Amino acid sequence: MRVSTPALFNSSLANILNQQAAVAKAQEQVSTGVKFKTAGENPSGMAQVLALEQAQAEHAQTYSNVTTLRQRLGTAENALASATDVISRARELTVQANSASLSPENRQQIATELTQLKAQLVDIANTSDGVGHYVFGGTQDASAPFTESGSSVAYSGTQTVRELSVGEGRTMSEGDSGDAVFLRVPNGTGGKTDLFTRVQNAIDAALAPTTTDAERAASQAQFATVLTDLDGGIAHLSTVRASAGSRLATLDDLDVRLQGLDTQLQQTMSEVRDLDYAESISRLQLHSLSLQAAQAAFAKVQGLSLFNYLR
Amino acid sequence: MADLLNIGSSALYAATKGLDLTGHNIANVGTDGYSRQRVDQSARAGGSVSRLDTGGGVVVNGTQRLNDALLESKLVRDGAEVSRLTAFNSLASRADALLSNSSSGLATAMNQFFSGLQSVASDPASTAARQAALGDTQTLTDRFNSLHEELSSMDREIDQRLSSAVESVNNLASAIGKLNRSIALAGQNTPADLLDQRNTLVQQLSEQVGVTTLAQDDGSLNLFTSAGQPLVVGEKVNPLSVADDLYRPGRLDITSGGARITTQLSGGAIGGLLDARRSLVDPALEKIGRVAVAITTQINSVQAQGIRQDGSVGTDLFTAPTGRAFAATSNTGAATLAVGFGEVSQLTGDDYLLRSTGAGWQLTRARTGEAVSFTGSGSSADPLVVEGVRITVTGLASSGDSFRISPTHDAAGAVQLATSDPRHFAAAGRLSSSASLSNAGVAKLASPVVVDAGNAALDTPVTITFTSSTSYQIGTGPSVAFATGDTISVNGWSTTLSGTPQAGDRFSVSPTGAGSSDNRNARALADVASQKLLDGGRSTVGSANTALVTQTGATALQVATAKTAAEAVRVQSQGERDAVSGVNLDEEAANLVRYQQAYQAAAQVIATANTLFDTLLAATRR
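Protein chains in written order, with the numbering used here: chain P, 28 to 338; chain B, 4 to 625.
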């Protein structure tokens, strides 16, 4: 076929330009470390990347929710343990007070300690997580939910408990509201007696006069009721703790699963988008070599002219 | 001897012509569209009719232009296709990068927005979390606005390039008209170079817009646009011009002889620009706008079901989106249209044309022209409803008046925050329930869910008293039978009871109030991310965006691939054309040598004739 001079020039030049573009593309891939940057380079890959990015964002949020839940439930769990200790101590003191050998002074001392325990229990009920949330305040948790007025304790929190999303449409409650933990405690007669009243009853029992036989008999009966109530309180708290504990155990499970999922997401993302360096670098070298060849061919071909021989 | 002299001088003339043309070919080796030429010469017969006739030398008939019209027209077509795809590709790759890039696309901003709402859900009382979520919301609106602005600026650029392409088309057409005149006047004696020039102009013109050519007997070439309008007939030129779009002021329409022909034009840069607008820029604007409408409408509606930090009912987070309607400039009636949204999941993003028939309305899809069915009359009580769009007509339209309805085309540009107060996130549920502390049972009333936000008594506190484990009364109302799992519905809200109630158990439901750190509605806001709001309940806002990014990318990829292929085809056509018409310098060098030798030989023939004559003179001198 007859080849014109401009055609020869143009096709040599086009070869060089094509190879240059291929080198630039391979170089960009190697320097960015990703196979593609836009949907135009790989539409289905980009769809996967966007879906994975969204999954990662949701996943990060779930992970952060799990951390928040663990921290808040952990705080509540510690508070419940302390409350159990307080009630147990109150029970010990009540047993001590219910001894005929004690002098009124001794019983007064016990009553004083019981009063302190009651105040301690109020403090525990007003436990905060350190960043301004009172863990037993329900959804009014910015201020202390329990306030002591006289011998009774009032609750200003709500009965609603926040729930947080833990992924896949599931939610978990952050803890228990103060009324469920400290106030709504079943007594033996089908009613409810709050924990503060139960300690207050212990104080009252310790201070009850035992001078006459009638008074002593009444005191015995009073102590028996107080002990039953305190035992009931301890049982109630351990039920609440068990429920918090099982949620914490679920969170531990979730934590492990989420970490596994995270690794999996990163791995998939890497498979979809990340560059195979060995393959790309050898491709870069291949294109560089082709470019050199095209340049050499250009110089060679363009040097050929009949005019060189016509002197 | 006189013959030999004549023969020698004719050979000398032919060799000079050959040298001239070789020089001309060499001079034009780099000229676009140049066809190589060679001397068309033939042997001249001698004067006598005899077997002894020796011939009379050589005669130069003219120059011959080596050219194949079919190859030329194939090259013109291939060049036009490359030009179309180049224009298309430059816009497609930009749109692709814009939508794909995480710093300009929508995906990251949307992910952040929903993460921000989740953070509010995890700590609703935290001003920091709310402030951060407000920042994320601002980022999302900015992203919608900037995507709209970038795509709109591509749209404006298309207009600018269209109008400069129209100018080029007119200049080239008038130059072709002038050449047509020269060629028709010259007839058979037309210089080859004029034909090359005209070919080159036709090629340049078809790079601007697709044309069909029709050769005439007088040598002139008539050109028609792809819409069928004559562009050049002989020496007469019908120029294209630009006018404002019938509906959208600021957008251009190309006209020829007063007729709007934009939609019929194809091929060349103009075709590529129009293709990009039709299949890329407009759909991207419409789809982004549709996501904007879905997300803002739904977030606003969830806001209204919750309680802000100050205790009041949730208000709009975004300004409510509206569609646009453009009246044709030719309308004679006084009707104006308002475009709103109904069932967002039905939105297609398409534009519609609404035409008044005098008695009623006709609706067609703008891109395809197909008729679309709708309901309603257009009054504010009974708006025209089509595919999630609600159109309200005010004033009277004349028969034949038409409107372009653009529901979502510009919606992304109009997204705005309706508040700058972080306390306005309605994180808390509207109503809260509580159980009386003296309840004997352990039954618990679930948090009430708002069913009818418009119920006037929604916020009225309600007491539910169980008269037995199987019946309850609302306030002091009549006894209602109850079984485990029953839904209790009052005043536009509903709830359920867990556990078995006992006689005398009391529950109350009341507004949540100010300062609550409840997060029920914040979770509902965050859940908008996973709600299938679009495509008839098949796509979330995220997947709708992914579909847009992927579609744009696929178009960009397809155009880039087609462009590469078209370039290869053009190189091929150029090679085929050049094989016939292109100058080869080696060939011309050989021709130089050939004609130089011919010239020298011819000179020698004349010298020989001279010597012969001298010999004869010398012989007769004695």
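Any given hint could be a false lead.
[What the hints assert, rightly or not] Okay, derived cross-link-like pairs now, EDC-like style, lysine to aspartate or glutamate, Cα gap no bigger than 20 Å in a straight line: (1) Lys447/B - Glu80/P; (2) Lys52/P - Glu170/B; (3) Lys535/B - Glu80/P; (4) Lys219/P - Glu190/P; (5) Lys64/P - Glu298/P; (6) Lys327/P - Asp301/P; (7) Lys62/P - Asp240/P; (8) Lys535/B - Glu390/B; (9) Lys327/P - Glu590/B; (10) Lys64/P - Asp35/B; (11) Lys62/P - Glu298/P; (12) Lys181/B - Asp221/B; (13) Lys239/B - Glu170/B; (14) Lys181/B - Glu238/B; (15) Lys64/P - Asp279/P; (16) Lys20/B - Glu170/B; (17) Lys535/B - Glu346/B; (18) Lys77/B - Glu590/B; (19) Lys327/P - Glu390/B; (20) Lys239/B - Asp256/B; (21) Lys535/B - Glu195/P.
[Stated by the list, open to error] Some chain P residues close to chain B (C-beta under 10 Å, calculated; not the full set): (22) Ser38; (23) Gln88; (24) Gly157; (25) Gly196.
Note that these hints are calculated values from the structure, not bench results.
This one's a predicted model, so the numbers in the text were calculated from it and none came from an experiment.
Beta carbons are placed, not taken as given, at the ideal position from N, Cα and C, and that holds for glycine.
For each hint, the structure was consulted:
Distance restraint check for Lys447/B and Glu80/P: the Cα-Cα separation of roughly 40 Å exceeds the 20 Å cut-off, and the hinted pair is therefore not satisfied. Of the pairs offered as hints, the one joining Lys52/P and Glu170/B is violated, with about 36 Å between alpha carbons and a cut-off of 20 Å exceeded. Among the hinted pairs, Lys535/B with Glu80/P is consistent with the structure: their alpha-carbon atoms are about 18 Å apart, no more than 20 Å. For a cut-off of 20 Å, the pair hint linking Lys219/P to Glu190/P is broken: about 26 Å separates their Cα positions.
Distance check on the hinted pair: Lys64/P and Glu298/P sit about 14 Å apart at the alpha-carbon level, within 20 Å; holds. At most 20 Å may separate the alpha-carbon atoms for a hinted pair to count; Lys327/P and Asp301/P exceed this at roughly 40 Å. A hinted pair counts as satisfied when its Cα atoms are at most 20 Å apart, and Lys62/P with Asp240/P does not qualify at roughly 93 Å. Of the pairs offered as hints, the one joining Lys535/B and Glu390/B holds, with about 17 Å between alpha carbons and a cut-off of 20 Å not exceeded.
Annotation: proposed proximity of Lys327/P to Glu590/B holds, straight-line Cα distance about 19 Å (limit 20 Å). The suggested pairing of Lys64/P with Asp35/B is violated, with an alpha-carbon distance near 38 Å, which exceeds 20 Å. This hinted pair checks out: Lys62/P and Glu298/P have alpha carbons roughly 10 Å apart, not beyond 20 Å. Between Lys181/B and Asp221/B the alpha-carbon distance is near 14 Å, which keeps this suggested pair within the 20 Å criterion.
Of the supplied pair hints, the one linking Lys239/B and Glu170/B holds, its CA atoms being roughly 17 Å apart against a limit of 20 Å. Taken as a hint, the Lys181/B and Glu238/B pair is honoured in the structure, with Cα atoms around 6 Å apart against an allowance of 20 Å. In summary, the hint linking Lys64/P to Asp279/P is not supported, as the alpha carbons are separated by about 37 Å, beyond the 20 Å threshold. For a cut-off of 20 Å, the pair hint linking Lys20/B to Glu170/B is broken: about 41 Å separates their Cα positions.
At roughly 13 Å between alpha-carbon atoms, Lys535/B and Glu346/B fall within 20 Å of each other, so this suggested pair holds. Between Lys77/B and Glu590/B, the direct Cα distance comes to roughly 26 Å. Violation of the 20 Å bound is thereby established for this hinted pair. Of the supplied pair hints, the one linking Lys327/P and Glu390/B is violated, its CA atoms being roughly 66 Å apart against a limit of 20 Å. Straight-line distance between C-alpha atoms of Lys239/B and Asp256/B comes to about 23 Å, which puts the hinted pair past the 20 Å bound.
The straight-line distance between the Cα atoms of Lys535/B and Glu195/P is roughly 15 Å, inside the 20 Å bound, and the hint therefore holds. Interface hint status for Ser38/P: upheld, as the beta-carbon distance to the closest one in chain B is roughly 7 Å, under 10 Å. Taking 10 Å as the C-beta cut-off, the interface hint given for Gln88/P holds, the closest approach to chain B being about 4 Å. Restraint check, Gly157/P versus chain B: the minimum CB separation of about 13 Å is more than 10 Å; hint violated.
A cut of 10 Å between beta carbons decides the hint on Gly196/P: the least distance to chain B is about 8 Å, and the hint holds.
In terms of the numbered hints stated before, the structure departs from hints 1, 2, 4, 6, 7, 10, 15, 16, 18, 19, 20, 24, listed from lowest to highest.
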